[in-house]
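Enquirer: If you read the protein sequences in the order shown, they are chains F and Z. Taking my numbering, the leading residue of the first sequence gets 975, the next gets one more, and so forth. Taking my numbering, the leading residue of the second sequence gets 1005, the next gets one more, and so forth.
Hints are computed from structural coordinates only; laboratory data are not their basis. Any given hint could be a false lead.
Stretch-level coverage of chain F by chain Z, calculated; a stretch enters the list once three of its residues show a Cβ under 8 Å from a Cβ in chain Z [unchecked claim]: (1) 1003 to 1011; (2) 1041 to 1052; (3) 1101 to 1107; (4) 1112 to 1124.
Where a beta carbon is used, it is the ideal one built from N, C-alpha and C, also for glycine.
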Amino acid sequence: MELRRRGFIKLTGAGLAASTLGALGFGPSGEALAAAVRPFKLAATTETRNTCSYCAVACGILVYSAGDRAKNAKSNIIHIEGDPDHPVNRGTLCPKGSALLDVVHAPTRLEQPKYRAPGSNEFKPVSWDFALDRIARLMKHDRDANFIARNANGATVNRWLTTGMLAASASSTETAYLTWKTVRSMGMLIFDNQARV
Amino acid sequence: MTNTWQDIKNANVVLCMGGNAAEAHPCGFKWVIEAKIENRAKVIVVDPRFTRTASVADVYAPIRPGTDIAFLSGVIRLLLEKGAIQREYVRAYTNAGLIVREDFGFEEGLFTGYDEQGGSYDKSSWHYEVDDQGYAKVDDTWQHPRCVINLLRQHVDRYTPEMVSRICGTPQDKYLEVCELIASTAAPDKALTNLFALGWAQHSVGSQNIRTMAIVQLLLGNIGVAGGGMNALRGHSNIQGLTDVGLMSNLMPGYMTLPNDAETNFEQYMQTRQYKPLRPGQTSYWQNYRSFFVSFQKAIYGDAARADNDWAYDWLPKLDNDGYDILRAFEMMAKGEINGYICQGFNPLQSFPDRGKIRRALGNLKFLVVMDPLDTETSRFWQDFGPQNPSDPAKIQTEVFQLPTTCFAEENGSLINSARWMQWHWKATDGPGEARSDIWIMTGIFHRMREMYRKEGGAFPDPILNLSWNYTDPISPDPEELAKDMNGYTFTDLNDASGAVVLRAGQLLDNFGQLRDDGTTSSGCWIFTGCYTEKGNQMARRDASDPREQGIAPNWGWAWPANRRIMYNRASADPAGNPWNPAKPLIRWNGSHWVGIDVPDYGPTTKPSDGVGPFIMNTEGLGRLFALDQMVEGPFPEHYEPFESPVPNVLHPKVESNPVARVFADDRAAFGTASDFPYVATTYRLTEHFHVWTKHGRMNSILQPEEFVEIGETLAKEKGIEQGGWVRLTSKRGVVVCKAYVTKRIRPLTVNGGSTHVIGVPIHWGFTGQARKGYGANTLTPSVGDANSQTPEFKAFLVNIEKTRPPEPENAANA
């Protein structure tokens, strides 16, 4: 095993724990003080490897969440930092990546589907079933009304030009693949991603 | 990127032009500092602004936005004049010696074949002379007057240092200093890397900006080597991945292209995709297109894609134009030709040019679906937010759905970085409230539609009903299964040359060399084959070891194609197979194999004496100084002014701007002139913000809380604008009222004998989130794109600026 920085810190940490404080020269008062010190905050968290969601340097990050992933325990992300093992960022993060936690917990994170009716001045909370049923119905209605099976020359073209889609720039490659499959199977050509802007 | 982030440290010269990596890609930029410290590299920055990247440069040269082709064409002129090229590399690895057709030419800003009415070219003359076997003719002595290098020399002859300075506003002494440093890397053991981003792409000549630099790099022998390459620093965490998977109007996964109306059957489609070699014995790897295509159709349609239905070819939609890119889509929407629109993690109201047009267009929709973790401006386009988003909701009939999604920390999957690394990431927690993954939402819509087509019938349901969906959890397919789908499977036993079984039927493929065109293999994205094999998820690998510490890290994640970290690495060795730079070799020929620290971009046992070119995707196997018919403007780059420019095109006043750019009539009517809008504006990111996302976070909103523009001291004095004072910035398309930051870092340029001021417009504000309300830079920008890619011209346009009063207190209170 190649010993990288984080591994080194862990090993030295383990070494310290194995020795007694007394052996390091602490007297009884030192032991009392040590007992009163709060344990390291991240010690009871779950560490998850992830990638910063901003630019394409793709810095490795470590996400720390409270909770042990037990079935009925709700985990909560409490800290994010750079992954010191990552060959590109080597633990560092920029002013954006350092503040990822604030965006994960932004007050403007959306938590429920909402619907704005024609002419309305507000969003109203709706159920997922309402939203997805209605979207699917609107899409099918539009596709059935405007699908072009053949062009003016009679050639098969099978395209749908009255509904379009923009795909994300921070979603996973797997999401992208599933999105391509579903959207193209419907014949959609107005389809683009953030690469242009 | 052709190379890796860490490989930047191997460069001798780093050219930062068309990007500001220190602020936009800070943790990648550390490798530039590493190059300076460990490799004594010289750093050049060419930028309209003295950025933080410039602050650590050895040479900083200012440039007028939109004139990079003139600057770099002058570099090419000087390299050729001084013979500062890596001659053996250029002779053996580029098309310098290939002979161009006699009827090709260039005059008064136009190449041969221009059709003024259609605004496009007949490109037939943009080709090599071919012999009776169909191979390009060549003169390796470069004596023939029409061999590529002589035509290139002739083409760039007009770009003298005087002319470059006149067009670009770069002082001649600085310009020559830059040229000299660039030229120093023509030595076989020296490399220059260039780091660029949207500063090159977001122009009406964006693709040609990049082409010009590629020509420079080929002449210097800097492609395929450690510390070299063309390094596009991509701006989003998976924008590389979404492009690789073909989520663009004309693309299929793995850079295959959708058929058009003229390609009425599969064989016709394949005719223009045969990629027959243009020189004897060349690889021309796209010759395998049929295998990639058939395997793809098998991946998405399974048993329904068969030889007797042309592998379900008809189920792909056919294009009746170059593509339905974003500019065309919003033009159609503005005209009321689109009824429905879905925005998945994308905020066009703050991202696309001419925000007023975007807002009007969205109001013409019958329905808008927004899937996002955050409360985006686009999802609230209909709501009145005062001057930053004036609206009368009662008049807008669009149904709007705002669907909450999970974010990066709440899902598994791969992201593809700028260096093509596929890195798997893991879910740390569930999303808040009822937030769901994009996979769950897209599946939910799809299943509902499919069910309706099953029950009710409707327009051509076949591709929807037959879409392959063999996932363990059909409601929310596991990303691991989707990744395996993209990697691909074999449906029969695969044997090696000795007859031994390499893979059994049903197993995951190892590499794209195993793909077949007879329906016995599948692959959802051929360039990814190898990312998820029988050995497991290669993207989840986390071994950071790095042979010779040369910046390859071959066992960390997985890089497409074939886990190759440096593209074109065959060119790192001379024709005999010995590294040009023995201190930093990538691969070399050991007498029977290509060996080294990277996966060879070449046949592993192809002998040097076979004369196979290193650019194996190209039909002639060579790097192209002359681009044939691959670019819409011409085979050589030419300087065209931005569509809004303060000066005429001094090279050819009759052809001011890109002659083949597509401009819609309403957009052309919204172009301003220098008499009304005398200043050049350019947009950019700040280091404290990421687009309009981070203003939803508290920390970034504290760091940069409100919209501002940057202006130079001279202009501020002329206009009576104080530091931090309020200004009104206008273009023909809109108004932004914000504060001015007066700086020494932007100075007036002397262009064509006059003085030109540049104004900087950061892009990060809108009317949702925690920062103060802002308009957004795209309120001002023109709706015209690069003629090849339709990337909007955000980096050079015209504005006016006036001192103004602070906004009314009630607006300030809302802010």
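Enquirer: It remains to establish, for every hint, whether it holds in the given structure.
Expert: Checked hints:
1. 1003 to 1011: violated (count 0)
2. 1041 to 1052: n = 5 at 8 Å, threshold three: holds.
3. 1101 to 1107: holds (count 4)
4. 1112 to 1124: Since 9 is at least three, the answer is holds.
Going down the numbered hints, you'll see the structure goes against just number 1.
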